[in-house]
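Each chain, letter by letter, is given below.
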Amino acid sequence: MAGGTANLAIRTASRTGARAASPLVKWTLIAVALVFLTLILLLPLGVVAIEALSEGLGVFTSAITDPVARNAIALTLLVAAISLPASILFGLCASWAITKFRFPGKQLLITLIDLPFSISPVIAGMVFVLLFAANDRSLFGGWIQSSNLRVIFAVPGIVLATMFVTFPFVARELIPLMQAQGKDEEEAAVSLGAHGLSTYLRVTLPNIKWGLLYAVILCNARAMGEFGAVSVVSGHIEGKTNTMPLHIEILFNDYQTAAAFAVAALLVLMAVGTIIAKSYVEWRAARDASIPR
Amino acid sequence: MLDAALQPVPRKSRSILPGFGLTMGYSLAYMSLLVLLPLAALALTAAKLSLPEFWDVLTHPRTLAAYRLSIGGALIAALLNTIFGVIIAWVLTRYTFPGRRIVDALVDIPFALPTAVAGIALTAVYAPTGWLGKPLASLGIQAAYNSTGIIIAMMLVSLPFVVRTLQPVLEEFDPELEEAADTLGAGRISIFFRVVLPALTPAILTGFALAFAKSIGEYGSIIFISSNMPGKTEIAPLLIMKRLEAFNYPAAAAIAVGLLAVSFILLLIINLLQAWTRRSASL
Numbered sequence: 266m267a268g269g270t271a272n273l274a275i276r277t278a279s280r281t282g283a284r285a286a287s288p289l290v291k292w293t294l295i296a297v298a299l300v301f302l303t304l305i306l307l308l309p310l311g312v313v314a315i316e317a318l319s320e321g322l323g324v325f326t327s328a329i330t331d332p333v334a335r336n337a338i339a340l341t342l343l344v345a346a347i348s349l350p351a352s353i354l355f356g357l358c359a360s361w362a363i364t365k366f367r368f369p370g371k372q373l374l375i376t377l378i379d380l381p382f383s384i385s386p387v388i389a390g391m392v393f394v395l396l397f398a399a400n401d402r403s404l405f406g407g408w409i410q411s412s413n414l415r416v417i418f419a420v421p422g423i424v425l426a427t428m429f430v431t432f433p434f435v436a437r438e439l440i441p442l443m444q445a446q447g448k449d450e451e452e453a454a455v456s457l458g459a460h461g462l463s464t465y466l467r468v469t470l471p472n473i474k475w476g477l478l479y480a481v482i483l484c485n486a487r488a489m490g491e492f493g494a495v496s497v498v499s500g501h502i503e504g505k506t507n508t509m510p511l512h513i514e515i516l517f518n519d520y521q522t523a524a525a526f527a528v529a530a531l532l533v534l535m536a537v538g539t540i541i542a543k544s545y546v547e548w549r550a551a552r553d554a555s556i557p558r
Numbered sequence: 052m053l054d055a056a057l058q059p060v061p062r063k064s065r066s067i068l069p070g071f072g073l074t075m076g077y078s079l080a081y082m083s084l085l086v087l088l089p090l091a092a093l094a095l096t097a098a099k100l101s102l103p104e105f106w107d108v109l110t111h112p113r114t115l116a117a118y119r120l121s122i123g124g125a126l127i128a129a130l131l132n133t134i135f136g137v138i139i140a141w142v143l144t145r146y147t148f149p150g151r152r153i154v155d156a157l158v159d160i161p162f163a164l165p166t167a168v169a170g171i172a173l174t175a176v177y178a179p180t181g182w183l184g185k186p187l188a189s190l191g192i193q194a195a196y197n198s199t200g201i202i203i204a205m206m207l208v209s210l211p212f213v214v215r216t217l218q219p220v221l222e223e224f225d226p227e228l229e230e231a232a233d234t235l236g237a238g239r240i241s242i243f244f245r246v247v248l249p250a251l252t253p254a255i256l257t258g259f260a261l262a263f264a265k266s267i268g269e270y271g272s273i274i275f276i277s278s279n280m281p282g283k284t285e286i287a288p289l290l291i292m293k294r295l296e297a298f299n300y301p302a303a304a305a306i307a308v309g310l311l312a313v314s315f316i317l318l319l320i321i322n323l324l325q326a327w328t329r330r331s332a333s334l
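Protein chains in written order, with the working numbering: chain A, 266 to 558; chain B, 52 to 334.
Same shape as in the complex, but just chain A (with noise of 0.2 Å):
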């Protein structure tokens, strides 16, 4: 992802046999290339699907109806809902200000970017933990104690940590779509009088809604399936501050495999829906980007 997305409205198909490849080495690299993929890829996918059925229809249906699950999905939504608006906000502002102007420090601010995606999920929860939590170990905790608000194993720290590892994601495709676009048609849109939102709305965002909509597309996975950051300052209260994956891992340890199978099988179809969506939109973005406009 991170670099390789950024060739959206390049990757058009443009396959070319330098030369007929000789059958016997063909199909043997497809072979591997399938077998590979099969053993790392497709079994455990199809598993999750055997698995949850395994004990039946009842059990995998109550699994996912039963109210701590419900709480679950409630709350995975609810944490995407408020980050996915966050990480758009913040990628529509910088991808702006980068590409549009020239200032010092640019590339390092591009750098900076970059940093969630290259910290681990538990270290991107424990920092919260290290500012927030209710204890006189954290950096904030005696102001936290005294107040009623809880960061750390509450909702909260939960929309916090996924803020911060979803935070590059819109930025980040934003940013070379739009270097690569250049500022001309702005330019001209405002010399010709037009006001700077109506050219953002009217010249900016129709170039690049396909790349915005391919990164909101992977974010909304991210932010709906994280589980190393989440699980840090959630604190697995049942009921209250479990999101799906951390619902996932309770019923996994506790023995309960096809209740933990049936709530995997609901992300694994989110994951599923997130590449068949991905997919379209890098369809559509081809497709534009080879209409000559």
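Just so you know, the hints here were simulated from the structure itself, not pulled from any lab data.
Just so you know, not all the hints are guaranteed correct.
[As the list claims (entries may be wrong)] 25 Å max Cα-Cα, derived SDA-like pairs, lysine to any residue:
(1) A/291 - B/248
(2) A/291 - B/239
(3) A/505 - B/296
(4) A/371 - B/91
(5) A/291 - B/223
(6) A/505 - B/298
(7) A/371 - B/99
(8) A/291 - B/237
(9) A/448 - B/67
(10) B/293 - A/401
(11) B/99 - A/407
(12) B/293 - B/67
(13) A/291 - B/234
(14) A/448 - B/91
(15) A/505 - B/297
(16) A/371 - B/75
[What the hints assert, rightly or not] Cβ pair distances, simulated, as ranges:
(17) B/331 - A/407: 20 to 26 Å
(18) A/446 - B/228: 28 to 34 Å
(19) B/238 - A/449: 47 to 53 Å
(20) B/237 - A/461: 56 to 62 Å
(21) A/369 - B/80: 47 to 53 Å
(22) B/147 - A/330: 40 to 46 Å
(23) A/541 - B/193: 32 to 38 Å
(24) B/80 - A/331: 37 to 43 Å
(25) B/312 - A/368: 25 to 31 Å
[Claimed, not checked] Footprint (simulated), chain B over chain A, 3 or more residues, beta carbon under 8 Å:
(26) 305–319
(27) 334–348
(28) 504–515
(29) 534–541
Predicted model, so just to flag it, every value in this text is computed and none were measured.
For glycine and all other residues, C-beta sits at the position ideal for the given N, C-alpha and C.
Given chain A, put chain B in place with the hints provided.
For chain B alone, kept in the frame of chain A given last:
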């Protein structure tokens, strides 16, 4: 005329586009509060330790074992992924076969699949009672609850980084170079190793580094397939977690700082490699 041409182009200090102050201000404020302040908290907490104490935490046998497992496992996982990633990227860009588009989309699944789901699924497959684990166990191979399982999990989560870094480079690669080598009588293997591979090297290294960086910090998919035994199968992020749970914040922060140092050096290398990739692609 000539004089005018030789004049340095006046640099416009101000763009005619609006909104710099607002967007830049918001971006910096948001990033400072959400990312930089928390990372400063990490440094401040680690700094509560004196230098010898800090060193003691980092060189504690349990810490060293955890680092060795996370870094060594990530190295092996990234290496294996690089080999198979090159094959997958090659197959996807050079060959047509039924289902190619589906396989292409499948490669992205780890980007969207929650790590906890990957973890329990891999455990169900590779545990000694699992789908593949059982036949493997009868062959005397244990693929879960040891470092093998940890490496399998790391490979799952980091595979797309390698494939997606290589694919665009392979797609852009000029087939005329291969044709020229072919015309000049080079053999197929010789063409791959002497024409294609050198052109791919920067992208391969970038993909390797990205996969390595991802694997080093991986937590969610590993803790299920690992037996999490201190000193044996305990990865560094899990040790950080244990120290946090014991309220030993300075030790947790120190271990995290050590892990981050490795990640940041990698980030630097990745940036340099990407610049190199761009340069060699533009040639």
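So, going through the hints one by one against the coordinates:
Using a Cα cut-off of 25 Å, the hinted pair residue 291 of chain A and residue 248 of chain B holds, with the two alpha carbons roughly 17 Å apart. Proximity of residue 291 of chain A to residue 239 of chain B is assessed by CA-CA distance (about 12 Å); at most 25 Å being required, the pair is judged to hold. For the suggested pair residue 505 of chain A and residue 296 of chain B, the alpha carbons sit about 19 Å apart, so the restraint of at most 25 Å is met. With a C-alpha separation of about 21 Å, the suggested pairing of residue 371 of chain A with residue 91 of chain B holds against the 25 Å cut-off.
Distance restraint check for residue 291 of chain A and residue 223 of chain B: the Cα-Cα separation of roughly 20 Å lies within the 25 Å cut-off, and the hinted pair is therefore satisfied. Proximity of residue 505 of chain A to residue 298 of chain B is assessed by CA-CA distance (about 22 Å); at most 25 Å being required, the pair is judged to hold. Pair hint residue 371 of chain A plus residue 99 of chain B does not hold up; C-alpha atoms about 33 Å apart against a cutoff of 25 Å. Proximity of residue 291 of chain A to residue 237 of chain B is assessed by CA-CA distance (about 19 Å); at most 25 Å being required, the pair is judged to hold.
At roughly 10 Å between alpha-carbon atoms, residue 448 of chain A and residue 67 of chain B fall within 25 Å of each other, so this suggested pair holds. Simply put, residue 293 of chain B and residue 401 of chain A have alpha-carbon atoms about 19 Å apart, close enough for the 25 Å limit, and the pair holds. For the given pair, residue 99 of chain B sits about 17 Å from residue 407 of chain A by alpha-carbon distance, which is consistent with the 25 Å threshold. The hinted pair formed by residue 293 of chain B and residue 67 of chain B fails the criterion: a straight-line CA distance of about 54 Å is larger than 25 Å.
The suggested pairing of residue 291 of chain A with residue 234 of chain B holds, with an alpha-carbon distance near 21 Å, which does not exceed 25 Å. Restraint check: the Cα-Cα separation between residue 448 of chain A and residue 91 of chain B comes to about 35 Å, which exceeds 25 Å; the hinted pair is violated. For the given pair, residue 505 of chain A sits about 23 Å from residue 297 of chain B by alpha-carbon distance, which is consistent with the 25 Å threshold. In summary, the hint linking residue 371 of chain A to residue 75 of chain B is supported, as the alpha carbons are separated by about 11 Å, within the 25 Å threshold.
Look at residue 331 of chain B against residue 407 of chain A: about 55 Å separates their beta carbons, and that is not inside 20 to 26 Å. Our hint of 28 to 34 Å for residue 446 of chain A and residue 228 of chain B holds, since their Cβ atoms are close to 30 Å apart. At roughly 49 Å, the beta carbons of residue 238 of chain B and residue 449 of chain A sit within the given window of 47 to 53 Å. At roughly 57 Å, the beta-carbon separation of residue 237 of chain B and residue 461 of chain A lies within the given 56 to 62 Å, and the hint holds.
Against the hinted window of 47 to 53 Å, the Cβ-Cβ separation of residue 369 of chain A and residue 80 of chain B comes to about 19 Å, which falls outside the hint. At about 45 Å, the beta-carbon gap between residue 147 of chain B and residue 330 of chain A stays in the expected band of 40 to 46 Å. For the pair residue 541 of chain A and residue 193 of chain B, the supplied restraint of 32 to 38 Å holds, since their beta-carbon distance comes to about 36 Å. Checking the proposed 37 to 43 Å range against residue 80 of chain B and residue 331 of chain A shows it holds: the Cβ atoms sit about 42 Å from each other.
Take residue 312 of chain B and residue 368 of chain A: their Cβ atoms lie about 29 Å apart, and the range 25 to 31 Å holds. Judged by the Cβ-Cβ criterion of 8 Å, the region 305–319 of chain A is covered by chain B as claimed, because 9 of its residues qualify and three suffice. Beta-carbon proximity to chain B at under 8 Å applies to 0 residues in the region 334–348 of chain A; the threshold of 3 is not reached and the given coverage is violated. A stretch counts as covered by a chain when three or more of its residues have a beta carbon under 8 Å from one of that chain; for the region 504–515 of chain A and chain B the count is 5, and the coverage holds.
Only when three residues or more bring their CB closer than 8 Å to a CB of chain B does the claim for the region 534–541 of chain A stand; here the count is 6, and the claim holds.
Of the numbered hints listed earlier, those contradicted by the structure are 7, 12, 14, 17, 21, 27.
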